[in-house]
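Novice: Sequence:
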Amino acid sequence: MFGKSIRTRLIIGFMAVMLPVVIYMLINNSYSRDIVREKVAETYRNTLDIYVGQTDHNLSQINDYLYKMSVLDSDVGLLMSFPMDSDGYTLTKIRIDSKLNRDVGVYNLIDAVFLYHKNDIIFGTKSIYNETKKMIQTHMDDMTNDINLAQSDQHRWEVREDARMPGKYFIINFIKVADGLYVGAIIRIIDINAMLSIQWSDGDIGHNGIYLRHENRLVQSLTENLTPLELSYNISDKPYESLTDRKSGANYLVMNRASSMVDIAYRVVIPEETLLQNLYFFRNATLFAPIGFLAILLIYLFFMRNMLFKPLQELILAMKKISLGMLDVRLKKNKTLEFEFLGNTFNVMAEQIKTLKIDVYEEQLRVKQGELKQLQAQINPHFYMNSLNIIYNLAALNDTESVKKMSLHLADYFRFIMRANRDTISLKEELTHIENYMTIQQIRFPDKLLCKFEGLDDILNFPIAALTVQPFVENSIIHGFKNRRQLFEIKIKAETVQNGFMLTISDNGVGFSPELLHKLQNNELFQQEESSSLGIINVIHRLQLLYGAQTSITFSNQSEGSGAIVAIVFPKPAEGVKAVV
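Residues 1158 to 1738 in my numbering are what the sequence shown lists, from first letter to last.
Calculated directly from the structure, the hints in this document are not laboratory data. Check each hint, because a few of them may be wrong.
[Said to hold, decoys possible] Listed next, the in silico DSSO-like pairs over lysine-lysine satisfying Cα-Cα at most 27 Å (straight line):
1. Lys1477 - Lys1467
2. Lys1275 - Lys1256
3. Lys1478 - Lys1467
4. Lys1196 - Lys1395
5. Lys1478 - Lys1489
6. Lys1291 - Lys1250
7. Lys1648 - Lys1585
8. Lys1490 - Lys1477
9. Lys1648 - Lys1729
Can you make the complete structure from the sequences, with help from the hints?
Specialist: Written as structure tokens, this is what we have:
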């Protein structure tokens, strides 16, 4: 009997549920740490790879620029044909000087670009003029001697050190134009590291530095922002390493990437506490979970006694009396809603037995109406979160005008959503809602989005189902707006058809994929109710509920093979029907 009581089974059930939960939390915490570490490390690794690849690409472009200047520039080719004290040499030098000062501003990475001859130097620079000239003279005299010139590779940059250079270290490369004449460029290491620091927010996300490299070893640091722990100076073949500081015991994620254009390597060191800072709370919560569950169990039993066990005993006793023919038994009112309902029902049944008749047709209408209201009430929370993030970022930038504009349009957007539980609204209200939505997205993607309306003036007061057109506009931006460099245009156009009008929503994005388009055209998506297409299913449901067979919706792509087209046919409203305002 003891094992069959509800009280005993509830306790056993509670323990049976909580014990696996505790074990699951312990395992999940450990697994989550590994997954988070792996995924975040992969993201950081990709970011570093992109940065190193882009920097090498920039160095390669500068090499191409130096090569073209040495071969194609007519003034550079003619310079040495004039005596150095002649007017022709002076005029040619002035033109070359103008070009070099122009080009040093075009290539942001370059600190100085020069044309070197042992008897003359022409250059453009962003640094101090006289100091730069002395450095070029000193290092080019050394690099163009017979020994160093024989070992020079015009495709690779060389790391050099000079106390006159800010940061002390720089890289230099030059290309031979003619005997004794060379064109070259200088890039400061601190400028390269400054862009690397921007990527990693040095001291916040992690620590970064640039090192002189010899094969697979790091010889010395070229920057001042050294990593916070002593690390092996070998470059590992692994995408990243997990190392521990012997002094502090802190764990770090270390990534090294070597440049293909110069003998340097980039190193990023990220504390694991930065990667896993949000998981420590869950780890601590998991450790104290058993004590918490025990306390919850005691409180649970105390409240269950008054809320469940005692009323249940009274109900069982009353039912036994009813079974014995004691129909005058009545239950007292209970504070719990469910037992109050059971008590009232029991008392009514004790008074008399009724046959409840339910009007099937009215019940079906209520279910249908409830389904329509439920579909209209569906809201995508991601849009709200993205909008709040945008407002936060604008506020952080002190762009108060954009914050006010964003807030006003977001308020109008919310106001519409809260009023969208009506059966129908005017097309004009729907278009105003779309304009608010587009304005919010245009703030998020400035000069990248455009929405046009055509042929809508005569049907602005037409009653349509709320949130019928806007989900397709939203889907166009979410799924079609892939090329962020191209202006994304959405067009909403109305055309008169027999017994109504057709509203077309089209864009110039990537269009529907062949698989999705096949499902849409064959109603397979509607039958499967895939979670990724709930917006489309929602609209189809509500159109069928409101208009039945009088409406239709078709999906296609542009004739050129890009851009999605959604066409919705609306029937003429019944006589006297107007949009709910």
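Novice: All the hints need checking, so say for each whether the structure fits it.
Specialist: Cross-check of the supplied hints:
1. Lys1477 - Lys1467: 16 Å, holds
2. Lys1275 - Lys1256: Roughly 21 Å separates the two Cα atoms, so the pair holds.
3. Lys1478 - Lys1467: 17 Å, holds
4. Lys1196 - Lys1395: Holds, at roughly 15 Å.
5. Lys1478 - Lys1489: At roughly 15 Å apart (the allowed maximum being 27 Å), Lys1489 and Lys1478 satisfy the hint.
6. Lys1291 - Lys1250: 19 Å, holds
7. Lys1648 - Lys1585: Holds, at roughly 16 Å.
8. Lys1490 - Lys1477: 19 Å, holds
9. Lys1648 - Lys1729: 23 Å, holds
Violated hints for the displayed structure: none, as all numbered hints are satisfied.
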